[in-house]
Structures are given as C-alpha cells and as structure tokens.
Amino acid sequence: MAEPTDAAVGNSTAASASASPDSSAPSPSALPSASRSPSPVPVTGPDQKLVTMTITGGFAGVHQEVVLRGDGTVRASHKGESVVRRTSTAQFTELRTLLGDPALADVSDFAISMGSADMFQYTLRFNGRTVTTDRSAEQPALDRLIDALSEFLPDR
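If you're matching positions, the sequence shown starts at 0 in numbering that gives the first Met the number 0 and goes up one per residue.
Hint data in this document are derived by calculation from the structure and do not stem from the laboratory. All C-beta atoms in this analysis are idealised placements derived from N, C-alpha and C, irrespective of residue type, glycine included. Treat the hints loosely; a few may be bogus.
[Stated by the list, open to error] List time: in silico EDC-like cross-link candidates among lysine to aspartate or glutamate, alpha-carbon distance up to 20 Å: (1) K48 / E93; (2) K48 / D146; (3) K48 / D70; (4) K78 / E64; (5) K48 / E64; (6) K78 / D117; (7) K48 / D108; (8) K48 / E150; (9) K78 / E150.
[Claimed, not checked] Estimated spans, in silico, between C-beta atoms of each pair: (10) S112 / T88: 34 to 42 Å; (11) G44 / V82: 18 to 26 Å; (12) D46 / A116: 32 to 40 Å; (13) P45 / P153: 18 to 26 Å; (14) T92 / F58: 33 to 41 Å; (15) P39 / G114: 35 to 43 Å; (16) S38 / G60: 33 to 41 Å; (17) M113 / E93: 31 to 39 Å.
Start from the sequences, fold in the hints, and give me the full structure.
Following this line, the structure appears as structure tokens:
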C-alpha cells in the first residue's frame with residue numbers, strides 16, 4: 000500500500016477543514032506563539048528604530064549599543080566610537096524576521112539572575128517593549144536576536 004504524500008495529506012486536511020468548519024479549532028491567533036512561523040516586522044519609514052540593544056556590565060564595565068533603523072542601517076557604538084553600516088537585503092530581512100518571531104511575545108520583560116555577578120545585561124527595545132536579560136535563562140527567540148545584532152558590534 001502506498002504512503003500518502005504530504006501534498007495529499009495537506010489537501011485532504013484543507014478539504015475537510017473547509018467542508019466542515021470546526022468551531023472548536025483554535026484560530027491562528029489563539030495558537031501558541033511557538034507554532035506560528037515568524038514573518039518580518041513592517042517598516043514604517045527610514046527613521047524608524049526597529050530595535051535598540053544596549054549591553055552593559057561585566058567586569059570591565061562595558062557599554063555598547065546597536066540600533067537597527069528602517070532604512071536598513073545599523074549604528075553600533077563601543078567605547079565612545081560609533082560606526083554606521085548598511086545591512087544587506089538578506090541581513091535586513093533576517094533581522095526583521097527575528098523581530099517578528101511570535102515566540103518573543105512569551106519572553107519575560109525582566110530575566111536577570113540575582114545570584115550572578117559581573118554578567119552582561121542586554122536591554123532590547125522593540126515593538127513597544129523593553130526586555131532586559133543577562134542570558135542566564137534559555138530564551139531561544141531572544142538569544143537568536145541578540146546573537147544577530149551582536150554581529151554588528153565593532154571589535155571588542
């Protein structure tokens with residue numbers, strides 16, 4: 000007996016869903032954020048700040064900042080020096096997609112381990128939120144965003 004293909008399974012599922020709507024099935028917005036796929040956040044203008052990440056702390060008293068703007072530029076500052084670079088189209092789309100990850104809605108606004116000393120603190124401002132973390136808790140969506148933005152920091 001032949002195994003059904005993904006296309007066949009998808010079509011029969013879609014057909015049965017449209018033939019008999021199930022009012023008990025959750026709407027896409029009611030699904031857990033991890034099950035929805037990310038899409039790039041919209042850009043409203045070139046001066047829009049899509050995300051600002053500030054890194055502070057550590058033994059040496061670090062203070063760094065990365066700002067992604069709606070025109071695809073990234074301003075990174077470290078030790079009083081500021082560098083502005085333009086992202087590639089692929090980088091800009093990736094960063095906007097990371098910002099649009101529905102799993103970010105589940106990230107706590109404050110996740111700092113009080114038992115740890117000299118850890119870096121990351122404060123991110125995006126989508127009307129401010130999130131502060133020291134990365135001591137596993138938060139994959141936030142960690143991916145921090146890692147991608149950190150790529151734009153000047154050499155330390």
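Next item on the list: Compare the structure with the hints numbered earlier in the document and write down the numbers of the violated ones, lowest to highest.
Entry: none
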